[in-house]
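Read top to bottom, the protein sequences are chains E and A.
Everything in the first sequence is counted per my numbering, starting at 1314 for the first residue and increasing by one.
Everything in the second sequence is counted per my numbering, starting at 1314 for the first residue and increasing by one.
Hints are supplied without guarantee of correctness; some may be wrong.
A pair counts as met if it fits within one copy or between any two copies, since identical chains are not told apart.
To be verified - The list that follows gives simulated cross-link-like pairs (lysine-lysine, DSS-like), each with its CA atoms no further than 30 Å apart: (1) K1430 / K1356; (2) K1499 / K1430; (3) K1430 / K1513; (4) K1330 / K1499; (5) K1531 / K1356; (6) K1531 / K1330; (7) K1499 / K1531; (8) K1513 / K1474; (9) K1531 / K1377; (10) K1377 / K1330.
No lab work stands behind these hints, which were simulated from the structure alone.
There are 2 protein chains.
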Amino acid sequence: MIMENISSNKMFGGWHKQYTHNSSVLNCEMRFAIFLPPQANDKPVPVLYWLSGLTCTDENFMQKAGAQRVAAELGMAIVCPDTSPRGEGVPDDAHAAYDFGLGAGFYINATVEPWAKHYQMYDYVIDELPKLIAQHFPVTEQKAIAGHSMGGHGALTIALKNPGMFVSASAFSPICHPTQCPWGQKAFEGYLGLDREQWKLHDTVELIKSGATPLPMKVDQGEADNFLVEQLMPESLVAVAAQSDFPLDYQSHPGYDHSYFFIASFIEEHLRFHWQYL
Amino acid sequence: MIMENISSNKMFGGWHKQYTHNSSVLNCEMRFAIFLPPQANDKPVPVLYWLSGLTCTDENFMQKAGAQRVAAELGMAIVCPDTSPRGEGVPDDAHAAYDFGLGAGFYINATVEPWAKHYQMYDYVIDELPKLIAQHFPVTEQKAIAGHSMGGHGALTIALKNPGMFVSASAFSPICHPTQCPWGQKAFEGYLGLDREQWKLHDTVELIKSGATPLPMKVDQGEADNFLVEQLMPESLVAVAAQSDFPLDYQSHPGYDHSYFFIASFIEEHLRFHWQYL
Chain E
1314 MIMENISSNK
1324 MFGGWHKQYT
1334 HNSSVLNCEM
1344 RFAIFLPPQA
1354 NDKPVPVLYW
1364 LSGLTCTDEN
1374 FMQKAGAQRV
1384 AAELGMAIVC
1394 PDTSPRGEGV
1404 PDDAHAAYDF
1414 GLGAGFYINA
1424 TVEPWAKHYQ
1434 MYDYVIDELP
1444 KLIAQHFPVT
1454 EQKAIAGHSM
1464 GGHGALTIAL
1474 KNPGMFVSAS
1484 AFSPICHPTQ
1494 CPWGQKAFEG
1504 YLGLDREQWK
1514 LHDTVELIKS
1524 GATPLPMKVD
1534 QGEADNFLVE
1544 QLMPESLVAV
1554 AAQSDFPLDY
1564 QSHPGYDHSY
1574 FFIASFIEEH
1584 LRFHWQYL
Chain A
1314 MIMENISSNK
1324 MFGGWHKQYT
1334 HNSSVLNCEM
1344 RFAIFLPPQA
1354 NDKPVPVLYW
1364 LSGLTCTDEN
1374 FMQKAGAQRV
1384 AAELGMAIVC
1394 PDTSPRGEGV
1404 PDDAHAAYDF
1414 GLGAGFYINA
1424 TVEPWAKHYQ
1434 MYDYVIDELP
1444 KLIAQHFPVT
1454 EQKAIAGHSM
1464 GGHGALTIAL
1474 KNPGMFVSAS
1484 AFSPICHPTQ
1494 CPWGQKAFEG
1504 YLGLDREQWK
1514 LHDTVELIKS
1524 GATPLPMKVD
1534 QGEADNFLVE
1544 QLMPESLVAV
1554 AAQSDFPLDY
1564 QSHPGYDHSY
1574 FFIASFIEEH
1584 LRFHWQYL
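The shape of chain E in the complex, shown without the other chains (with noise of 0.2 Å):
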């Protein structure tokens, strides 16, 4: 795979780095992010994935969470998708919709057209992207992951439906139960159509009460988010985790929001306990 390097920029010792590359699985250009740490010039090192929030790109958590201090400092590299293929001849919903369509992908792969040529962020996750960075960067295949909103759906959904790709999965705010809110209702309709059971395996509260494999899970929630109650639910998945026995470190924060003031005053304590399995 043919990969560009698009901006360099050193940072904490390490280095962020944008690339664009041709995403066979997206049939389309992308770009992501990478910060490379600078333990990464003597050893390889371990990789935490983040995914990221509707309307996002690569850019949003690189620039405002301020995560690389302390990957700098534990010799973690991170790596930020976009949050949907891009592009000329990429699929946008009718009405520019912030929640469908160009930066709102939810990281499934769509069955229905016109999205299912493009619309394939679950495969670009688990598998395109971890092989161009194998490939390309000096990295372990230890990897974590990590994401916000729809990212943190994202993340817990994929690190849940493939036991050992990820030591551990982490999130802030996430869309705990999307089969249950108007976002993920929205999104699974149009991107998966009417079957509700394929949408099931899709929402992390339906994937723990159906047995999924453990692995170490921290979910952070802002109590002032405007989000909270009718897309979010965090209550849903607290609840199935202590149905489950499910190890879910979940903490609710008093007075912060849903944006990245919010990330940035805890992404700190994520990486650390990111670092423990690493």
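Start from chain E and add chain A according to the hints.
Here is chain A on its own, set in the frame of chain E:
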């Protein structure tokens, strides 16, 4: 003065807030951001003023620098003004250039029309804004000042021109000698006219050369900065500080560029530098 709170985000136990107010100095509505650390709930805290660079608003530093983590630890407020007057009726460069007009106030008082009516950023930063902050927030009279690029020029010159107003000054990649570089010459000719003696009153190198009262000063510069040679000229600052026995802590960093990735990497050192004097 009437002020309107337009956003509030909890962050590191404190609050990031944005306000708008009518500026009588700038003759327009202005926006600024403030970070109040958790300690401000119990007692007044000192303030670091941050002046941003060309094209920025109050948001760049607050979203990208990661400064709030250390400010929350130390108990320091941070105030970020905009970089120029804004809004309807405020003239911009005829070609909407990024280095003159909107987003490029250079922290001076324009004397040439049509700029003089609004472009009075010097008075705004030293007088109107601090009064507004003191009136509405739990702050002490202790102040430090810092900035980046055009804002580094602003921070250093404003501190030098107002002995005793700030306990310390620091800058990332400042325009050290604006009378001798294209950015500075364009701005000073536009805002101040052709009298180069007036220009020298807003030039860090010239101010130190002419005997400005010393204060603790820290400057960090990336060696891979695209603007280093033509626009920033730190070697002239280092030379005049040495000649004048001026207390300058200058650090040059191989590989770092002009971006916020550089600022994020060293902002902690700047906050701890100022904290020694606050």
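Hint-by-hint comparison with the structure:
1. Proximity of K1430 to K1356 under the C-alpha cut-off of 30 Å is found in neither arrangement, the shortest distances being 38 Å within a copy and 59 Å between copies.
2. Within a single copy, K1499 and K1430 get their C-alpha atoms as close as 19 Å, which meets the 30 Å cut-off; across copies the closest is 52 Å, which misses it.
3. Proximity of K1430 and K1513 under a CA criterion of 30 Å is satisfied intra-copy only: 22 Å inside one chain copy versus 62 Å between copies.
4. Within a single copy, K1330 and K1499 get their C-alpha atoms no closer than 34 Å, and across copies no closer than 33 Å, so neither meets the 30 Å cut-off.
5. Within a single copy, K1531 and K1356 get their C-alpha atoms as close as 28 Å, which meets the 30 Å cut-off; across copies the closest is 35 Å, which misses it.
6. In this assembly of identical chains, K1531 and K1330 lie within 30 Å of each other by CA distance both inside one copy and across copies; the values are 27 Å within and 28 Å between.
7. Taking CA atoms no more than 30 Å apart as the test, K1499 paired with K1531 passes inside one copy only; the shortest distance there is 26 Å, against 53 Å between copies.
8. Taking the shortest Cα distances, K1513 and K1474 sit within 30 Å of each other inside one copy (11 Å), while across copies they are farther apart (66 Å).
9. For the identical chains of this complex, K1531 and K1377 are neighbours both inside a copy (21 Å) and across copies (25 Å), given an alpha-carbon limit of 30 Å.
10. Both within a single protomer and between protomers do K1377 and K1330 lie at most 30 Å apart by alpha-carbon distance, with minima of 15 Å and 16 Å respectively.
Figure legend: structure checked against the earlier numbered hints; hints not met, in rising order: 1, 4.
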